[in-house]
Amino acid sequence: MFSKTFVHNEKRVSLLKELIRKRGFVKVLEVHNGLSALIVDNFQLVEKGRTLSFDGLWESSLTDSASKGLPDIEVVSHDSRLDTINQILEVTGKPMIVDGDTGGDVNHFEYLVKRLIRAGVSMVIIEDKVFPKRNSLVDTKQSLEDQNIFAEKIRRGVQVKQKRAFMIVARLESLIAGETVADALRRAKIFLSAGADGIMIHSKSSTPSEILEFAKKYYQLPKKLIKNKVLVCAPTTYNTITADELAKAGFQVIIYANHMLRSAYTAMEKTCEIILLNDRSFEVNVVCGPVASLFEVTGLLAITQKENEQHDKSKQT
168 MFSKTFVHNE
178 KRVSLLKELI
188 RKRGFVKVLE
198 VHNGLSALIV
208 DNFQLVEKGR
218 TLSFDGLWES
228 SLTDSASKGL
238 PDIEVVSHDS
248 RLDTINQILE
258 VTGKPMIVDG
268 DTGGDVNHFE
278 YLVKRLIRAG
288 VSMVIIEDKV
298 FPKRNSLVDT
308 KQSLEDQNIF
318 AEKIRRGVQV
328 KQKRAFMIVA
338 RLESLIAGET
348 VADALRRAKI
358 FLSAGADGIM
368 IHSKSSTPSE
378 ILEFAKKYYQ
388 LPKKLIKNKV
398 LVCAPTTYNT
408 ITADELAKAG
418 FQVIIYANHM
428 LRSAYTAMEK
438 TCEIILLNDR
448 SFEVNVVCGP
458 VASLFEVTGL
468 LAITQKENEQ
478 HDKSKQT
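Taking the working numbering, the leading residue of the sequence shown gets 168, the next gets one more, and so forth.
A couple of the hints might just be wrong.
[Said to hold, decoys possible] In silico DSS-like links for lysine-lysine, alpha-carbon gap of 30 Å or less:
(1) K396 to K178
(2) K394 to K281
(3) K178 to K330
(4) K330 to K194
(5) K330 to K391
(6) K415 to K356
(7) K396 to K384
(8) K396 to K194
(9) K371 to K178
(10) K328 to K308
(11) K415 to K390
(12) K189 to K391
(13) K194 to K356
(14) K356 to K371
(15) K394 to K383
(16) K396 to K437
(17) K383 to K396
(18) K480 to K194
(19) K189 to K308
(20) K281 to K356
(21) K235 to K194
(22) K371 to K330
(23) K396 to K330
(24) K330 to K394
(25) K396 to K356
(26) K384 to K330
(27) K308 to K235
(28) K328 to K394
The hints are simulated quantities; they were obtained by calculation from the structure and are not laboratory data.
Given only the sequences and the hints, what does the whole structure look like? Please build it.
Here it is in C-alpha coordinates:
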(Lines of atoms letter the chains of each structure in order from A and count residues from 1; the text may use other names and numbers.)
(Lines give C-alpha, C1' and ligand atoms only; values in the text may rest on other atoms or scores of the structure.)
Protein backbone atom coordinates (compact mmCIF):
# COMPACT_ATOMS: atom_id res chain seq x y z
CA MET A 1 0.00 0.00 0.00
CA PHE A 2 1.11 3.54 -0.59
CA SER A 3 1.98 5.59 2.48
CA LYS A 4 -1.28 6.49 4.21
CA THR A 5 -0.14 10.06 4.84
CA PHE A 6 1.05 12.37 2.11
CA VAL A 7 4.04 14.36 3.35
CA HIS A 8 5.02 17.53 1.51
CA ASN A 9 8.71 17.56 0.57
CA GLU A 10 9.50 20.61 2.68
CA LYS A 11 7.89 19.00 5.74
CA ARG A 12 9.50 15.65 5.04
CA VAL A 13 13.01 17.12 5.19
CA SER A 14 12.48 17.98 8.86
CA LEU A 15 10.95 14.63 9.91
CA LEU A 16 14.19 12.94 10.91
CA LYS A 17 15.44 15.77 13.07
CA GLU A 18 12.05 15.89 14.83
CA LEU A 19 12.08 12.12 15.44
CA ILE A 20 15.58 12.22 16.93
CA ARG A 21 14.59 15.08 19.21
CA LYS A 22 11.45 13.27 20.42
CA ARG A 23 12.79 9.69 20.73
CA GLY A 24 16.49 10.12 21.37
CA PHE A 25 17.52 7.62 18.70
CA VAL A 26 16.14 6.11 15.50
CA LYS A 27 16.51 2.80 13.67
CA VAL A 28 16.81 3.00 9.90
CA LEU A 29 16.72 0.15 7.37
CA GLU A 30 18.18 -0.04 3.86
CA VAL A 31 15.95 0.23 0.81
CA HIS A 32 16.89 0.09 -2.87
CA ASN A 33 13.66 0.47 -4.85
CA GLY A 34 9.99 1.29 -4.41
CA LEU A 35 8.94 -2.21 -3.32
CA SER A 36 11.62 -2.65 -0.65
CA ALA A 37 10.77 0.84 0.62
CA LEU A 38 7.05 0.04 0.80
CA ILE A 39 7.84 -2.99 2.95
CA VAL A 40 10.00 -1.01 5.39
CA ASP A 41 7.58 1.92 5.44
CA ASN A 42 4.59 -0.26 6.34
CA PHE A 43 6.05 -3.15 8.36
CA GLN A 44 4.98 -3.36 12.00
CA LEU A 45 5.50 -6.06 14.60
CA VAL A 46 3.56 -6.29 17.86
CA GLU A 47 5.77 -7.79 20.57
CA LYS A 48 4.91 -7.84 24.30
CA GLY A 49 2.34 -5.11 23.86
CA ARG A 50 4.71 -2.85 21.91
CA THR A 51 4.41 -1.97 18.25
CA LEU A 52 7.84 -2.20 16.64
CA SER A 53 8.78 -0.60 13.33
CA PHE A 54 11.63 1.19 11.60
CA ASP A 55 11.84 4.95 11.84
CA GLY A 56 13.33 5.74 8.46
CA LEU A 57 14.82 4.62 5.15
CA TRP A 58 18.49 4.33 4.15
CA GLU A 59 19.06 4.72 0.41
CA SER A 60 22.30 2.79 0.13
CA SER A 61 24.93 3.33 -2.55
CA LEU A 62 25.96 -0.33 -2.34
CA THR A 63 22.47 -1.73 -2.80
CA ASP A 64 21.37 0.90 -5.32
CA SER A 65 24.44 -0.02 -7.40
CA ALA A 66 24.10 -3.77 -6.86
CA SER A 67 20.39 -3.75 -7.73
CA LYS A 68 21.45 -2.29 -11.09
CA GLY A 69 24.12 -5.01 -11.45
CA LEU A 70 26.94 -2.50 -10.94
CA PRO A 71 29.86 -2.30 -8.48
CA ASP A 72 29.87 0.14 -5.56
CA ILE A 73 32.56 2.49 -6.93
CA GLU A 74 30.48 5.64 -7.59
CA VAL A 75 29.85 4.47 -11.15
CA VAL A 76 26.10 5.14 -10.76
CA SER A 77 25.44 8.79 -11.60
CA HIS A 78 23.70 11.28 -9.31
CA ASP A 79 20.86 11.42 -11.86
CA SER A 80 20.36 7.66 -11.60
CA ARG A 81 20.58 7.74 -7.81
CA LEU A 82 18.04 10.57 -7.67
CA ASP A 83 15.69 8.62 -9.92
CA THR A 84 15.73 5.76 -7.39
CA ILE A 85 15.40 8.20 -4.49
CA ASN A 86 12.34 9.83 -6.06
CA GLN A 87 10.72 6.46 -6.79
CA ILE A 88 11.08 5.58 -3.11
CA LEU A 89 9.90 8.94 -1.77
CA GLU A 90 6.86 8.84 -4.05
CA VAL A 91 5.38 5.78 -2.31
CA THR A 92 6.54 6.22 1.31
CA GLY A 93 6.11 8.62 4.21
CA LYS A 94 9.09 7.98 6.49
CA PRO A 95 12.22 10.15 6.48
CA MET A 96 15.08 9.18 4.20
CA ILE A 97 18.85 9.23 4.72
CA VAL A 98 20.92 9.07 1.53
CA ASP A 99 24.32 7.44 1.25
CA GLY A 100 26.12 10.18 -0.66
CA ASP A 101 29.39 8.26 -1.21
CA THR A 102 32.19 10.88 -1.30
CA GLY A 103 29.78 13.55 -2.52
CA GLY A 104 31.83 14.02 -5.68
CA ASP A 105 33.90 17.18 -5.97
CA VAL A 106 32.94 20.32 -4.07
CA ASN A 107 30.85 21.79 -6.89
CA HIS A 108 29.02 18.51 -7.52
CA PHE A 109 28.18 18.26 -3.83
CA GLU A 110 26.55 21.69 -3.82
CA TYR A 111 24.19 20.57 -6.57
CA LEU A 112 23.55 17.24 -4.87
CA VAL A 113 22.51 18.98 -1.63
CA LYS A 114 20.08 21.23 -3.54
CA ARG A 115 18.51 18.29 -5.33
CA LEU A 116 18.19 16.13 -2.21
CA ILE A 117 16.47 18.94 -0.31
CA ARG A 118 14.11 19.55 -3.23
CA ALA A 119 13.26 15.82 -3.27
CA GLY A 120 12.44 15.73 0.46
CA VAL A 121 15.48 13.85 1.82
CA SER A 122 16.29 14.46 5.51
CA MET A 123 20.01 13.67 5.65
CA VAL A 124 22.98 12.93 3.42
CA ILE A 125 26.05 11.10 4.72
CA ILE A 126 29.32 11.58 2.83
CA GLU A 127 32.52 9.68 3.52
CA ASP A 128 36.01 11.16 3.82
CA LYS A 129 37.63 9.00 1.13
CA VAL A 130 39.02 10.03 -2.24
CA PHE A 131 36.83 9.76 -5.34
CA PRO A 132 36.03 7.22 -6.65
CA LYS A 133 35.59 5.39 -3.37
CA ARG A 134 35.75 1.64 -2.86
CA ASN A 135 33.16 -0.01 -0.63
CA SER A 136 34.39 0.03 2.96
CA LEU A 137 33.85 -3.70 3.50
CA VAL A 138 35.87 -4.89 0.50
CA ASP A 139 39.44 -6.08 1.04
CA THR A 140 41.45 -3.36 -0.71
CA LYS A 141 43.52 -0.27 0.05
CA GLN A 142 41.34 2.59 1.27
CA SER A 143 42.57 6.16 0.74
CA LEU A 144 41.35 9.03 2.91
CA GLU A 145 40.60 12.42 1.38
CA ASP A 146 42.69 15.40 2.42
CA GLN A 147 40.97 16.70 5.56
CA ASN A 148 40.93 20.30 4.34
CA ILE A 149 39.37 19.42 0.99
CA PHE A 150 36.67 17.37 2.73
CA ALA A 151 36.04 20.14 5.28
CA GLU A 152 35.56 22.63 2.43
CA LYS A 153 33.06 20.24 0.82
CA ILE A 154 31.07 20.24 4.06
CA ARG A 155 31.23 24.04 4.35
CA ARG A 156 29.92 24.49 0.83
CA GLY A 157 27.09 22.03 1.44
CA VAL A 158 26.14 23.83 4.66
CA GLN A 159 26.04 27.15 2.79
CA VAL A 160 23.61 25.63 0.29
CA LYS A 161 21.27 24.16 2.89
CA GLN A 162 21.31 27.39 4.93
CA LYS A 163 19.17 26.98 8.06
CA ARG A 164 17.00 24.17 6.76
CA ALA A 165 16.49 21.03 8.86
CA PHE A 166 18.37 19.01 6.24
CA MET A 167 21.46 17.39 7.79
CA ILE A 168 24.93 16.83 6.35
CA VAL A 169 26.84 14.12 8.23
CA ALA A 170 30.55 13.35 7.84
CA ARG A 171 31.32 9.64 7.70
CA LEU A 172 34.74 8.88 9.15
CA GLU A 173 36.67 6.13 7.39
CA SER A 174 39.80 6.27 9.56
CA LEU A 175 39.20 2.83 11.10
CA ILE A 176 38.42 1.36 7.67
CA ALA A 177 41.73 2.75 6.35
CA GLY A 178 43.71 1.21 9.22
CA GLU A 179 44.07 4.43 11.21
CA THR A 180 43.37 4.88 14.93
CA VAL A 181 40.43 6.10 16.98
CA ALA A 182 42.57 9.15 17.77
CA ASP A 183 42.85 9.93 14.06
CA ALA A 184 39.08 9.59 13.65
CA LEU A 185 38.49 11.98 16.55
CA ARG A 186 40.95 14.48 15.10
CA ARG A 187 39.14 14.45 11.76
CA ALA A 188 35.76 14.60 13.51
CA LYS A 189 36.76 17.87 15.19
CA ILE A 190 37.77 19.39 11.85
CA PHE A 191 34.55 18.36 10.11
CA LEU A 192 32.30 19.47 12.98
CA SER A 193 34.07 22.83 12.97
CA ALA A 194 33.31 23.05 9.24
CA GLY A 195 29.60 22.79 10.03
CA ALA A 196 28.77 19.07 9.77
CA ASP A 197 25.48 18.24 11.49
CA GLY A 198 26.89 15.01 12.83
CA ILE A 199 29.45 12.26 12.59
CA MET A 200 29.17 8.67 11.40
CA ILE A 201 31.96 6.43 12.65
CA HIS A 202 32.44 3.39 10.41
CA SER A 203 34.15 0.10 11.23
CA LYS A 204 34.43 -3.37 9.71
CA SER A 205 35.53 -5.00 12.95
CA SER A 206 33.57 -8.05 14.07
CA THR A 207 33.16 -6.52 17.53
CA PRO A 208 31.83 -3.07 18.52
CA SER A 209 34.78 -2.25 20.79
CA GLU A 210 36.40 0.42 18.61
CA ILE A 211 33.19 2.28 17.78
CA LEU A 212 32.23 2.23 21.47
CA GLU A 213 35.67 3.61 22.31
CA PHE A 214 35.15 6.33 19.71
CA ALA A 215 31.71 7.22 21.11
CA LYS A 216 33.07 7.49 24.66
CA LYS A 217 35.88 9.83 23.57
CA TYR A 218 33.61 11.74 21.19
CA TYR A 219 31.45 12.84 24.11
CA GLN A 220 34.57 14.13 25.84
CA LEU A 221 35.07 16.69 23.05
CA PRO A 222 34.16 20.32 23.85
CA LYS A 223 30.40 20.57 24.40
CA LYS A 224 30.18 23.55 22.07
CA LEU A 225 31.55 21.40 19.24
CA ILE A 226 29.11 18.48 19.61
CA LYS A 227 26.00 20.33 20.83
CA ASN A 228 22.95 19.39 18.73
CA LYS A 229 25.08 17.08 16.57
CA VAL A 230 24.10 13.48 15.81
CA LEU A 231 26.27 10.39 16.13
CA VAL A 232 25.62 7.65 13.58
CA CYS A 233 26.72 4.03 13.13
CA ALA A 234 26.02 1.05 10.85
CA PRO A 235 26.45 -2.25 12.76
CA THR A 236 26.92 -4.47 9.70
CA THR A 237 29.97 -6.47 10.81
CA TYR A 238 29.73 -5.91 14.58
CA ASN A 239 26.14 -7.14 14.51
CA THR A 240 25.84 -8.78 17.94
CA ILE A 241 25.29 -5.43 19.67
CA THR A 242 21.67 -4.29 20.02
CA ALA A 243 20.19 -0.96 19.03
CA ASP A 244 19.40 -0.24 22.68
CA GLU A 245 23.04 -0.83 23.62
CA LEU A 246 24.21 1.49 20.85
CA ALA A 247 21.73 4.14 21.97
CA LYS A 248 23.04 3.91 25.53
CA ALA A 249 26.54 4.48 24.13
CA GLY A 250 25.31 7.74 22.60
CA PHE A 251 24.37 6.85 19.02
CA GLN A 252 21.25 8.65 17.79
CA VAL A 253 21.01 7.06 14.33
CA ILE A 254 21.50 3.31 13.81
CA ILE A 255 21.54 2.17 10.19
CA TYR A 256 20.99 -1.43 9.07
CA ALA A 257 22.74 -0.68 5.83
CA ASN A 258 22.32 -3.49 3.28
CA HIS A 259 20.13 -6.22 4.73
CA MET A 260 17.04 -5.93 2.53
CA LEU A 261 18.93 -6.55 -0.70
CA ARG A 262 21.16 -9.21 0.84
CA SER A 263 18.14 -11.18 2.04
CA ALA A 264 16.37 -10.71 -1.31
CA TYR A 265 19.48 -11.93 -3.17
CA THR A 266 19.58 -15.13 -1.08
CA ALA A 267 15.86 -15.74 -1.60
CA MET A 268 16.15 -15.27 -5.37
CA GLU A 269 19.07 -17.70 -5.60
CA LYS A 270 17.04 -20.25 -3.63
CA THR A 271 14.11 -19.76 -5.99
CA CYS A 272 16.34 -20.49 -9.01
CA GLU A 273 17.65 -23.63 -7.32
CA ILE A 274 14.23 -25.02 -6.39
CA ILE A 275 12.72 -24.52 -9.85
CA LEU A 276 15.71 -26.08 -11.62
CA LEU A 277 15.90 -29.07 -9.25
CA ASN A 278 12.19 -29.88 -9.53
CA ASP A 279 11.65 -28.88 -13.16
CA ARG A 280 8.53 -26.99 -12.08
CA SER A 281 7.51 -24.11 -9.79
CA PHE A 282 5.18 -25.93 -7.36
CA GLU A 283 7.84 -26.48 -4.67
CA VAL A 284 8.95 -22.86 -4.73
CA ASN A 285 5.66 -21.73 -3.17
CA VAL A 286 7.18 -22.36 0.26
CA VAL A 287 9.57 -19.43 -0.25
CA CYS A 288 7.25 -17.21 -2.31
CA GLY A 289 4.51 -15.00 -1.01
CA PRO A 290 1.17 -14.99 -2.85
CA VAL A 291 0.82 -12.75 -5.90
CA ALA A 292 -2.00 -11.00 -4.04
CA SER A 293 0.50 -9.63 -1.53
CA LEU A 294 2.13 -7.66 -4.37
CA PHE A 295 -1.29 -6.40 -5.44
CA GLU A 296 -1.95 -5.20 -1.91
CA VAL A 297 1.36 -3.51 -1.15
CA THR A 298 1.40 -1.62 -4.47
CA GLY A 299 -2.21 -0.43 -4.10
CA LEU A 300 -3.74 -2.52 -6.89
CA LEU A 301 -6.29 -4.22 -4.59
CA ALA A 302 -7.50 -0.84 -3.35
CA ILE A 303 -7.91 0.35 -6.95
CA THR A 304 -9.88 -2.72 -8.04
CA GLN A 305 -12.05 -2.51 -4.91
CA LYS A 306 -13.01 1.06 -5.78
CA GLU A 307 -13.67 0.04 -9.38
CA ASN A 308 -15.92 -2.83 -8.24
CA GLU A 309 -17.82 -0.54 -5.88
CA GLN A 310 -18.32 1.97 -8.68
CA HIS A 311 -19.45 -0.81 -11.00
CA ASP A 312 -22.00 -2.01 -8.41
CA LYS A 313 -23.36 1.53 -8.02
CA SER A 314 -23.69 1.87 -11.78
CA LYS A 315 -25.72 -1.36 -11.95
CA GLN A 316 -28.12 -0.06 -9.29
CA THR A 317 -28.90 3.16 -11.16
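>> Check the hint pairing K328 with K308 against an upper bound of 30 Å on the C-alpha distance.
In response: Violated, because 33 Å separates the two Cα atoms, which is more than 30 Å.
**Request:** Would you mind confirming whether the straight-line C-alpha gap from K480 to K194 stays at or under 30 Å?
**Result:** Violated: K480 and K194 sit about 45 Å apart, past 30 Å.
30 Å Cα cutoff - pair K194, K356:
Within the cut-off at roughly 25 Å; holds.
Distance restraint between K235 and K194, which requires alpha-carbon spacing of 30 Å or less: holds, 26 Å
K394 paired with K281 [C-alpha distance capped at 30 Å] | Given that 30 Å is the threshold and the Cα spacing comes to 25 Å, the pair holds.
Pair hint K330 and K391, alpha-carbon separation not exceeding 30 Å
holds, 18 Å
- Task: With a cut-off of 30 Å on the C-alpha distance, tell me whether K383 and K396 pass.
- Result: holds, 15 Å
Take the C-alpha atoms of K396 and K437, compute the straight-line distance between them, and say whether it is at most 30 Å.
Judged against 30 Å, a Cα distance of about 43 Å means the pair is violated.
Keeping to a limit of 30 Å between CA atoms, is the pair of K415 and K390 held or broken? Satisfied, since the Cα-Cα distance of roughly 18 Å is no more than 30 Å.
Would you check the hint for K328 and K394, treating anything up to 30 Å between C-alpha atoms as holding? Holds. K328 to K394 sits at ~19 Å (cutoff 30 Å).
*asked:* Check the hint pairing K396 with K356 against an upper bound of 30 Å on the C-alpha distance.
replied: holds, 12 Å
Next on the checklist: What's the verdict on K384 and K330, does the C-alpha distance respect the 30 Å limit or exceed it?
Outcome noted: Holds, at about 29 Å.
Violated hints, in rising order: 9, 10, 16, 18, 19, 22; the structure is consistent with all others.
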